[in-house]
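Put together the whole structure using the sequences plus the hints.
In the numbering used here, the protein residues as written are 340 to 637.
Quick caveat, the hints were computed from the structure, so don't treat them as lab data.
Don't be surprised by glycine CBs; every beta carbon is placed ideally from N, CA and C.
Among the hints, erroneous ones may be present.
List time: in silico DSSO-like cross-link candidates among lysine-lysine, alpha-carbon distance up to 30 Å [what the hints assert, rightly or not]: (1) Lys571 <-> Lys560; (2) Lys434 <-> Lys553; (3) Lys560 <-> Lys620; (4) Lys553 <-> Lys571; (5) Lys451 <-> Lys397.
Simulated restraints, written as ranges between beta carbons of each label pair [as the list claims (entries may be wrong)]: (6) Ala591 <-> Ser461: 55 to 65 Å; (7) Asp432 <-> Met538: 19 to 29 Å; (8) Phe462 <-> Lys397: 35 to 45 Å; (9) Gly592 <-> Leu441: 17 to 27 Å; (10) Lys536 <-> Val573: 35 to 45 Å; (11) Lys590 <-> Gln464: 42 to 52 Å.
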Amino acid sequence: VVVVFIAAEEGGEKEIGVDAVLKNGKLEEAKNGPVYWVDSADSNPCCGTAGALSWSLKCRGRLFHSGFPNKAINSIELANEAIAFIQERFYNDFKPLPEEELYSFVTGSHMKPTQIECSKGSFNQIPAETTVHGDIRLSPFYEVEDVVEHVERYVQELNDDMECLCSTARGPWSKFVLPSSVQVQDNEFNRAKVELKWMGDMDTFRLYAGLAVKLESDGHKALVQAFRESNKGVQPFSINGSLPLVKMMQKAGFDIQMCGFGKMSVYHGVNEYCTMSEMMKAHEVIVRLVCLLETAAN
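Structure below.
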């Protein structure tokens with residue numbers, strides 16, 4: 340049994356912790372058997388996690404007096420419409436998959452805004468800029484490279500054809516492309532524009548890619564059996580939270596399995612805690628797990 344105590348797995352540091360150990364080949368022998376990543380919760384096997392990608396979308400319009408919406412480009416309305424456009428395209432391309440149900444995911448991939456801010460002015464001004472922040476939680480059965488490529492294409496297509504945002508809900512005077520009769524200054528836009536920024540690089544997105552464990556592996560079967568015997572029942576589950584490194588290690592040839600013994604309800608809370616009874620049960624599960632693996636090996 341080899342135990343690795345992880346350093347800096349969620350702090351964003353590179354060349355330290357498990358990634359450094361992997362890079363130097365110190366875990367190669369672990370490819371001969373299962374690797375248990377003990378960082379989920381609720382004293383059951385965790386079968387899957389989602390990938391995490393954060394983004395921001397800056398929506399640029401034209402500042403003008405609110406009494407003249409026909410001479411402005413309302414960046415708040417642009418943000419609403421642009422996000423709806425991108426979300427619709429996203430959900431068409433990254434639909435729920437049958438595998439997600441097999442792994443007991445509660446939801447499939449999703450993209451949504453989580454914060455919004457606009458340029459400050461008086462209440463009788465239509466703001467020129469609005470920025471929306473949000474994230475994508477990506478099913479492990481999709482690749483992060485694909486979702487980045489798709490979302491960037493949605494934004495490009497939107498900028499190429501702003502007239503496609505033709506909702507009547509804004510009324511007849513709100514436009515994202517102003518007619519030539521509206522004079523604008525050199526530093527102003529007569530056509531709306533949206534700018535996508537990823538809050539991280541591709542290495543970071545790969546680091547937090549979602550994982551679907553190998554359900555058919557002996558390591559997974561032993562983990563399920565150990566929980567079943569120790570807890571008098573077992574309920575494998577998957578979550579749309581994210582864990583770093585696990586997908587990278589699986590792609591490198593490790594049989595990554597996941598479990599944890601804390602309380603999901605207080606993870607990342609102000610007073611995060613676990614109970615001694617759960618830790619005692621964890622010891623029982625791990626001892627039983629090692630016994631099952633030893634028996635199978637012999």
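Evaluation of the provided hints:
Of the pairs offered as hints, the one joining Lys571 and Lys560 holds, with about 16 Å between alpha carbons and a cut-off of 30 Å not exceeded. At roughly 22 Å between alpha-carbon atoms, Lys434 and Lys553 fall within 30 Å of each other, so this suggested pair holds. Taken as a hint, the Lys560 and Lys620 pair is honoured in the structure, with Cα atoms around 19 Å apart against an allowance of 30 Å. Using a Cα cut-off of 30 Å, the hinted pair Lys553 and Lys571 holds, with the two alpha carbons roughly 23 Å apart.
Taking the CA atoms of Lys451 and Lys397, the gap is about 15 Å. The hint holds against a cut of 30 Å. For Ala591 and Ser461, the Cβ-Cβ distance of about 56 Å falls inside the hinted range of 55 to 65 Å, so the restraint holds. The hinted window of 19 to 29 Å between Asp432 and Met538 holds, with their beta carbons roughly 21 Å apart. About 22 Å separates the C-beta atoms of Phe462 and Lys397, a value inconsistent with the hinted range of 35 to 45 Å.
Checking the proposed 17 to 27 Å range against Gly592 and Leu441 shows it holds: the Cβ atoms sit about 23 Å from each other. With their beta carbons about 43 Å apart, Lys536 and Val573 fall inside the hinted range of 35 to 45 Å. Taking 42 to 52 Å as the suggested C-beta distance range, the pair Lys590 and Gln464 conforms, at roughly 51 Å.
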